[in-house]
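Engineer: Use these hints to put chain B onto chain A, whose structure you have.
First to last, the sequence lines map onto chains A and B.
Here my numbering is used: the first residue of the first sequence is 1, the next is one more, and so on.
Here my numbering is used: the first residue of the second sequence is 1, the next is one more, and so on.
Everything labelled a hint here was simulated from the structure, so no lab data went into it.
Treat each hint with caution, since some may be false.
To be verified - Calculated pairs, DMTMM-like style, for lysine to aspartate or glutamate (alpha carbon to alpha carbon, straight line, at most 20 Å):
| # | chain 1 | residue 1 | chain 2 | residue 2 |
| --- | --- | --- | --- | --- |
| 1 | A | 64 | B | 89 |
| 2 | A | 27 | A | 94 |
| 3 | A | 27 | A | 91 |
| 4 | A | 27 | A | 70 |
| 5 | A | 64 | A | 23 |
| 6 | A | 27 | A | 17 |
| 7 | A | 64 | B | 123 |
| 8 | A | 27 | B | 17 |
| 9 | A | 64 | A | 50 |
| 10 | B | 146 | B | 27 |
| 11 | B | 146 | B | 109 |
| 12 | A | 64 | A | 94 |
| 13 | A | 64 | B | 96 |
| 14 | B | 146 | B | 17 |
| 15 | A | 64 | B | 94 |
Stated by the list, open to error - Sample of chain A residues facing chain B (criterion: CB under 10 Å; computed from the structure):
| # | residue |
| --- | --- |
| 16 | 27 |
| 17 | 29 |
| 18 | 31 |
| 19 | 33 |
| 20 | 43 |
| 21 | 47 |
| 22 | 49 |
| 23 | 50 |
| 24 | 51 |
| 25 | 61 |
| 26 | 64 |
| 27 | 66 |
| 28 | 67 |
What you are looking at is a predicted structure, and each value in this text was computed from that prediction instead of being measured.
Ideal Cβ placement from N, Cα and C applies to all residues, glycine included.
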Amino acid sequence: MVYHQVMPTATSSPQPDAEQVLDRVFKALSDPTRRSIVIQLSHGEATMSEIAGRFDMSLPGVSKHVSVLEDAGLVHRWRTGRSRRCRLQVERMETANAWLASQTEFWTDTLDALSQFVENGADHP
Amino acid sequence: MTMTHHQLEVSRLIRADQHRVFSAWTDPALIVQWWGAGGVICTEAELDLAVGGTYRFANQTPDGMTMWITGTFNRVDPPLALSYTWAMEPISHDTEYSLVEVSFDEVTDGTLVTVVQTQIPSEEARLTHVQGWLGCLEGLDGLISKR
Numbered sequence: 001m002v003y004h005q006v007m008p009t010a011t012s013s014p015q016p017d018a019e020q021v022l023d024r025v026f027k028a029l030s031d032p033t034r035r036s037i038v039i040q041l042s043h044g045e046a047t048m049s050e051i052a053g054r055f056d057m058s059l060p061g062v063s064k065h066v067s068v069l070e071d072a073g074l075v076h077r078w079r080t081g082r083s084r085r086c087r088l089q090v091e092r093m094e095t096a097n098a099w100l101a102s103q104t105e106f107w108t109d110t111l112d113a114l115s116q117f118v119e120n121g122a123d124h125p
Numbered sequence: 001m002t003m004t005h006h007q008l009e010v011s012r013l014i015r016a017d018q019h020r021v022f023s024a025w026t027d028p029a030l031i032v033q034w035w036g037a038g039g040v041i042c043t044e045a046e047l048d049l050a051v052g053g054t055y056r057f058a059n060q061t062p063d064g065m066t067m068w069i070t071g072t073f074n075r076v077d078p079p080l081a082l083s084y085t086w087a088m089e090p091i092s093h094d095t096e097y098s099l100v101e102v103s104f105d106e107v108t109d110g111t112l113v114t115v116v117q118t119q120i121p122s123e124e125a126r127l128t129h130v131q132g133w134l135g136c137l138e139g140l141d142g143l144i145s146k147r
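Chain A with its partners taken away, still in its complex shape (with noise of 0.2 Å):
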């Protein structure tokens, strides 16, 4: 039996954009238990039960975080025997860290030219 296997999170709806995957993205790590269960997830997979008990919350309340996560593809849910098992998606972690990482690089570069339009000014009156 396959358990492990990887399967998309949509197969049956169309890929989103770019663009549709930052805001999912986003808006699932803009909630501070959510930004817990990726912390919690990124040291290795967890039963639905034990983030639960590790965090104080019920199972549906620990589902509903979960299903925030899942949209946005960073967390991946799936069923072996009587329990449900949740692990991070890193390929979309790696998303987001890239828009970012973009951005990063965008702001240096920028910053890096307006120190020497600076200096350049104050050499040249």
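Structural biologist: Chain B only, in chain A's frame:
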């Protein structure tokens, strides 16, 4: 969404008088010395011991994560009883608080500490809390008996 609430009760005899046990339970400098269970330690504690006052305990897990427990006192009755709400940060509009009631009863050999926790949001959380409280009470006993 139907919510099923869970509860627990644990108790332990501590060989010291009520005043000493109550102060160990409510003094941040002492709390950090006994609070914790199963590899979890309390690295920081702050509390405003008054009805309506709040408290926060930093629980550091063996994997290095720090989880803050927080709540508000509903009853402060030294050295007999305490009651406070309980939740794990981050607090948001859908935070599920439980209620903790602690009594310190004078018995022949010392003080019987009883913790009753109600409105626990899940059976899984209840099991975590039972282990937590048993470990905490053992730590409290250890701190008080070594003095």
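Engineer: Quick check: which numbered hints come out false for this structure?
Structural biologist: Going through the list in order, the structure violates hints 8, 12, 16, 17, 27 and 28 and respects the others.
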